Every structure is written in structure tokens, then in C-alpha cells.
Amino acid sequence: MTPKPAQPRLEWRGVSKRFGDKLVLDGVDLAVDPGRSLVVIGGSGQGKSVLIKIAAGLLRADGGEVRLDGQPLAPGAAHAPGYGFLFQGAALFDSLPVWENIAFRLLHADGLPRRAARARALDAMDRVRLPASAADQRPNELSGGMQKRAGLARAIIADPDILFFDEPTTGLDPVTGGVIDALIVEQVRRLGCTAVSITHDMASARRIADRIAMLHAGRIVWQGSADEVDRSGHPLVDQFVSGRSEP
Amino acid sequence: MNPLAALGRATLGAARRTGAVTLFGARGLLSAFTRPFFPGQTARQMLVIGFRSLPVVGLTAVFTGAALALNIHTGGGRLNAEQVMPQIVALGIVRELGPVLAALMLAGRVSAAIAAEIGAMRATEQIDALATLSTDPYRYLVAPRLAAAILSLPLLTAVADILGIAGGWLVATATLDFDGRLYIRNTLDFLEPWDVISGLLKAAVFGLIVALMGCWHGFHAKGGARGVGRAATFAVVSAAVLIFAADYLLTGVFTA
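Going line by line, the protein sequences match chains A and B.
Take the first sequence: its letter number 21 is residue 21 in my numbering, and every next letter is one higher.
Each position in the second sequence, counted from 1, maps to that position plus 1000 in my numbering.
This is chain B alone, in the form it adopts within the complex (with noise of 0.2 Å):
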């Protein structure tokens, strides 16, 4: 075997795949924003990918808060700089931690529901009974899941940012001595608006794609069972690697 024609037939397979994938959300991002609406729809998935998710996110963040404020506590301890460790963890969940563990919980339970359900959806007809029925499965099923996740992730993220400072805050003055009150001054005095709002900005981008992800997975899913749990599982797998991806490029956008 040849392995320049190997090399040359999966980079054409890439580009194929992700010009599909780019269609597929262009069209489904469309559909969102065209008559008809279903209102109906976009609250249910509102509810299953933004409320339903809460507890998961935000226990995930007062953890990773409080872990992350010890951290910083003991590495800023070599350096004299134990003190500056609210601003940090402050700066470190509303920037990076608190969207990325977000939109990686949401990829774990959103992108794998999503992608099972619509696979399923797909495996008994459903999705061909839909276009007999004078209703574009896009408009159906895909528009009102990339909405749901691209207007619930920065809901949740904002959750996740005040969580997470929490938990560094419970940490350092449970078992820090820091005094309760400056910690608070001193994070609300270093964070800038723009630290806020491109973490939002990051999850509205995480949300596209995880619910991208899953519809896109579901949507092909061939073979029944088996072939809806591999949609699942190369849903979480691809939105995962995706995310940390944007997250890298928004990061570098964001700071130039």
C-alpha cells in the first residue's frame, strides 16, 4: 500500500467529512432562525440540556474551584504569592475552567442523549415518518437542539463561574485563613467584564458544538443498536476533542 495515497485518501475523507459536518450546522442553524418555529421543542431541550444539567455542572465546579484554589495556594507559596491566589482562580474559571468543564459535562450527557435518541429516531423510521409528514427533520430535531445548547451552555457557564469561585472561596477561608470578605473585593475588583464575557462567548461556541455533535452522530447512524451506541460514543468522543480545539483557537482570538 502506497502511504502517500493512504495519507492523501484520509485528508480527502477529512475535508469531505468536514465539509458535511459544516453543512449539516449551517442548515440546522438556519432552519433555527426560519419559519416554522417549534417554540415547544426548544423549551424541552432548554430544559433537558440547560436545567437538567445544573446539578452535574455545578458540582463539578465548586469541586474543581475548591482543587484549583489549593493549588494555586501551595504553588503560589513557593513564590511568596499566596495572596494573589483569589484573583487567579478567579481568572482561571471564568476564562478557561468554567466553560470547558461545562461544555465537556454537557458532551458527556448531552451529545451521547441527543445522538441515541435521534439514532434511534433514525433506526425506527421516525425521522423519515417526520418528512412524510410535511416537517423537515432539520427543522424538527436538529434547529431546536443547536439552539437550546448554544443559548443554555453560557446559562450554565455563568452558573458554573459563580460556583466554581465559590468553592475557592469556601477552601480559603475554611481552611486557608483567608478573610471571607477581601477575598470576595479582591475577585470582583480584578475580574474585567471582557474575562466574563468571552468565557460566555467560549460556551455559546462549546454549545454549538456539542449539540452539533450529537445530531450530526444521531442523524447517521446506521445498524440499529449497535450502530446507535456508536453514535453515542464517537458523539462525546468528537465534541470532546472539538471543544478543547475551539477552545485553543477562541483563547488565541481572544487575547491577540
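Isolated chain A (complex conformation) (with noise of 0.2 Å):
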């Protein structure tokens, strides 16, 4: 007798996704299995970020399905406090300081108290190394890694199950977002959670993934290791690995 297969944490099945006249997403498969990083490459406007936006519940596909531990996910599935999202541009709220925007779900979510909610906030600060004196300045005082490094303690302060990373590096200098890669690594063995990521930049995918799909004209043309990306033997992968204008 086989053993039967390890149930996927998060499971696209034939996800489709219309904008107007053209087809964004064409019948998506894609798993990812429980306390895995799964890391989504493909070219600038493929499709990448409806894939993630709705597994998150941010959009709705028009065709197949999104499955969590084996269950469709219920519309509207963003308000789950299981998940963490770190955005491409860390949309961070303007109007509040640095600490409210990490604290957010504690404090009107979940109706923490302020200090509570901002001991709280001072504590995933830390883990993601962003300075204390931060805490009292507004987004846009803090350069675009720190920025990022609040938006990642923003995802992580509830202790998520999955977090959905979209293009954590983008914007950012190779070093600083080695930092970040490196710090999402740290956070993601640290909670034991399930990763989603999408990034263009293929170092960072190295980096912070088991597993690496990509995704070109709406379809997943090919899966595999993180170790089998660089002889993937597929024309599409070895010319995105290698950055070659032609396949």
C-alpha cells in the first residue's frame, strides 16, 4: 500500500482571472505543502500578483478554485487572521505612526489595549531588527528597507500560519534585500509557517525558497526544487535564470 500524500496547506486548482479582454491567469495548478516556501518567478505583468492576491482573498477568480487544508476558501478569506501579507510596497498607512501600523490588526482587530498592542509592536520591531526610535515616526520617514522591515513585522506580529510575500526585494539595493530575504527566512522557520512569494529577482528567490514555479502567459510551465531551478532543461526557466533576451 502507497502512503497517501501529505495534504497541501494552500492549493490553486485550475484558478482562472479575466481583466477586461485579457486572460490573466489561464487554469492555474500549484500547491504548496505545510510549512514550505513556495516561490512564484515569472516576468513583469504575467500574472504573479492576481496568483497571491487571490489565494489571499484580495481578488476574486473567475474560474476554479483555492483550496486551504483541503477546503475552498470562503470569499473574503483576507480578514482570516491566519494569514500575514508583506506588499510589494510595504503600503504602510501614512496617517499613522510606524508602531499603530504594525500593531493595526492587534489594536482594531483584535481590541488589544495601546500599551499592550504597542509592547507588542516594539517586540516584532526587534525581531525584524527596526530600531525602537522608529516606532514614533511616520512611514515615510523611514528609508525603503526599513519600510519593508515594518511591513514584515506588520505580517508577522499575529503569528500567522501562511504569509504571502509580493516582490519583498523589489525597489531595494542587492544588499538590503539580502537582508530582508534573510529575515524572512528567520521568520518563516521561526513560525513554522506556510510561504507564498512572488519575485522577478531570482537571487532572492534562491534565497528564500523550497520550491520554485513559474508562471508565464497565465500557466505554470514548469515546477520543481529551489536546487533543480538551474537545470530545469525548460526554455522559458533557463532563459529567465540566466537573463537571456531570447529563450
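Derived from the structure by calculation, the hints contain no laboratory data.
As the structure is a computational prediction, the values presented were derived from the model and not from experiment.
The reader is advised that the hints may include incorrect statements.
[To be verified] Computed from the model, here is a short list of chain A residues facing chain B with C-beta under 8 Å:
(1) F19
(2) A56
(3) G82
(4) F85
(5) F87
(6) A91
(7) F93
(8) F104
(9) R105
(10) H108
(11) A109
(12) L112
Glycine included, C-beta positions come from ideal geometry on N, C-alpha and C.
Both chains are given apart, each in its own frame, so use the hints to dock them into the complex.
Laid out in C-alpha cells, this is it:
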């Protein structure tokens, strides 16, 4: 008797999405196992952000479904407390100081008193090496790297089960990008959570991925372990990894 | 192109948009009256929408009242009816010009600001971020602005009423040889409570329109900075047009 395969934590089944006349996702099938880190690579405009926003409940699929632990995901799943999301531009709220951004969920969804929420925010800031002196600053007073750290602190503060990272190193210099990647790996390990990232930065993908999948023209054209990406044998993957202009 | 088909498409599009805006507003209003509340957000919006609009609304009302007094005095002179000027200024201000001008000032100042702020939040994924933080964007962004505008505009209108009448009084006593005390007495004796209340009710509806147009266009802004600019423009234009349309309808209802 063959052992039953492990249930994926998160699964896209035949997911399609169209914006006007443009078919962005064309029946995507993809899965990520519990506690693993999946990175979806692909060129700009290939639908990577749409893919994780559908999984995070921020967009509705036109066809197919997303399953969480084998159960179809209900619309509006973004409101689920088990999710954490780091946005491409960090998406911090301009009108709030950094600590309130980080503690937003605790303050407004969980109803934690301000003093306790601030203490949790400072703890989360410490975990992502964001100095406590930044707590009372406004997001626009922080550098891009510090904003990403604040966004990461906000994503992990409630100990999520699933973390989504949308282009975590975009707009950062290579050193800062490496630091953010290291923090992501550290926090995903510490929380023992499942992570789904999208990026077109191959150095970042290699650092944070257990598995890599490539999205092209709305479909997953290849997937494998992070070690296999350099010998995929797939012309589009080879082109993407090497950065050549032709396959 | 078949003109009938084009007309049909335009009509259906307008009906769809009207329905969508109505549902959007209903969801925002429902969120304003159900838990969890965001009183801090509502208070902040009342400060921005109400208190900070006082100077522009006040100045507009004073000058409008003054100009109205001059016009009515001149026009009334043709009928030997200059002495009813205080009553006509008061009626014109509290029933019509106070609420409409306050609302138009708010449409220019607040609708655009709301649309730009929410549109920028949309462009920078802050609205998506709210959803991932277990917070309903309607509840956090739309409901406080609707509630603040509905509460603030009648208060601003009350101030505009007083300052508009004061503008008329100033002109009448300073340049038209009216007796100041008599002017005030004539005004107060003439005005009925319903004159004032109907103006304040109009203002509450106009407040809803101003905030709703700002929120709607901001929420649906597309295309980065250009989209945010377009959202602000559309918010002001649509709010102004809807204020005039609502004014006519409400006046019809209140005078029936």
C-alpha cells in the first residue's frame, strides 16, 4: 500500500482570472505543502500578483478554486487572522506612526489595549531589526528597506499560519534585499508557517524558496525544488534564470 | 453605429453605475451604525470635514448674504418693496443658499481630498492591506467619512445661515440706512422653524453626497497618479451636480 500524500496547505485548482479582454491566469494548478516556502517567478505582467491576491482573498477568481487544507476558500478570506501579507511597497498607512501600523490588527481587529499593542509592536520591530526609535516616526520618514521591515513586522505580529510576500526585494539595493530575504527565512522558520512569495529577483528566489514555480502567459510552465531551477531543461526558465533576451 | 443601441448602452451603463453607487453608499452607511466602530476616525474626519471648512464656508456665506442684500434692495426698489429685504435675505439664506453654498464649498474642498486620499491608498495597496489586517475597508474608510460629513454639514450650514444673515445686516445697516435692531427683529419674526430645519435636512443629504462621491471615486481610482487626479475631479463634478439635483428634489418635497 502506498502512503497517502500529504495534504497541501494551500492549493490553486484550475484558477483563471480575466481583466477585460486580457486573460491573466489561465487554469493555474499549484500547491504548497505545510511549512514550506513556495516562490513563483515570472516576468512582469504575467499575473504573479494576481495569483497570490486570489489566494489571499483580495481578488476573486473567475474560474477554479483555491483550497486551504483541502477546503475551498471562502470569499473574503483576507479577513482571516491566520494570514500575513507583505506588500510590494510595504503599503504602510501614511496617517499612522510606524508602531500603530505594525500593531494595526491587534488594535482594531483584536481589540488589544494600546499599551499592550505597542509592546507587541516593539517586540515585532526587534525581531525584524527595526530600531525602537522608529516606532513613533511616520512611514514616509523611513527608508525603503526600513519600510519593508515595518511591513514584515506587521505581517508577522499575529503569528500567522500563512505568509504572502509580494516582490519582497523590489526597489531595494542588493545588500538590503539580502537582509530582507534573510529576515523572511528566519521568521518563516521561527513561525513554522507556510510561505508563498512572488518575485522576478532570482537571487531572492534562491534564498527564500524550498520550491520554485514559473508563471508564464497565465500558466505554470515549470515547477521544482530550488536546487533544480538551474537545470530545469525548460527554455523559458533557462532564459529567465540567465537573463537572456531570447529563449 | 446604431444611435438607439448607443442610447440603450448608455442608459444601461448609467443605471448600473447608479445601482453600484447606491449599494456602495448603503454598505458604508450600514457599517457606520454597526460594530466595530472607529470613533477616532470619525472624530478626525469631523475635524477635517467640518471644523477646517469653517473659514471658507463662513466667508462664502458673509459675502453671499451681503451681495444678496444689495441685489434684493435694488430689485425690491422697482416694486417699492425695499423694506422686505431682511426677510427675503433670511429666507434665501436658510432655505437655499446656506445649505447649497456650504455643500458646494465642501464638494470642492472635501470631496476632492477624500477621493485623492482614498485613491492614493488604492494605488499603494493600503486598502488591500486593511483587508489583510482583518479590517473591513468600508468600516474603516467609508463609514467614518459618511458619518462625519452627514453630521458636519448641518452644523456648517447653521453657521453659514448666521453669517449669511449677518452679511446682509452689515450691508443693510452700513450702506442702505436700515435700522440694525429692526432688521434683526424683522428677520426673526419672519423666519419659521421649518425654514431652518428644512435647510439643515438638505445639508445632511448634501453631506452624504459630498462624502459618498469622494469615497466612491477614490475607491475605484485606477492608474496611479493620473487615476487619483481623475478621481478627485470626478468627485467634485459629480458631487456638485448631484447637490443641485438633490436640492431641486428636496425643495419640491419640502414645499409640497
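Structure-based check of all given hints:
1. F19: With Cβ-Cβ at 11 Å, over 8 Å, it is violated.
2. A56: OK, holds: A56 (chain A) within 8 Å of chain B, min 6 Å.
3. G82: Status violated, d = 10 Å.
4. F85: With Cβ-Cβ at 4 Å, under 8 Å, it holds.
5. F87: holds (5 Å)
6. A91: Interface hint status for A91 (chain A): holds (4 Å vs cutoff 8 Å).
7. F93: At 6 Å from the nearest chain B Cβ, F93 (chain A) passes the 8 Å test, so the hint holds.
8. F104: At about 5 Å, which falls below the 8 Å cut-off, the nearest Cβ of chain B leaves the hint on F104 (chain A) intact, so it holds.
9. R105: Holds, because the Cβ-Cβ distance from R105 (chain A) to chain B comes to roughly 4 Å (cut-off 8 Å).
10. H108: holds (5 Å)
11. A109: For A109 (chain A), the interface hint holds, since the closest Cβ of chain B sits about 4 Å away, which is under 8 Å.
12. L112: Given a least distance of 12 Å, the restraint on L112 (chain A) is violated.
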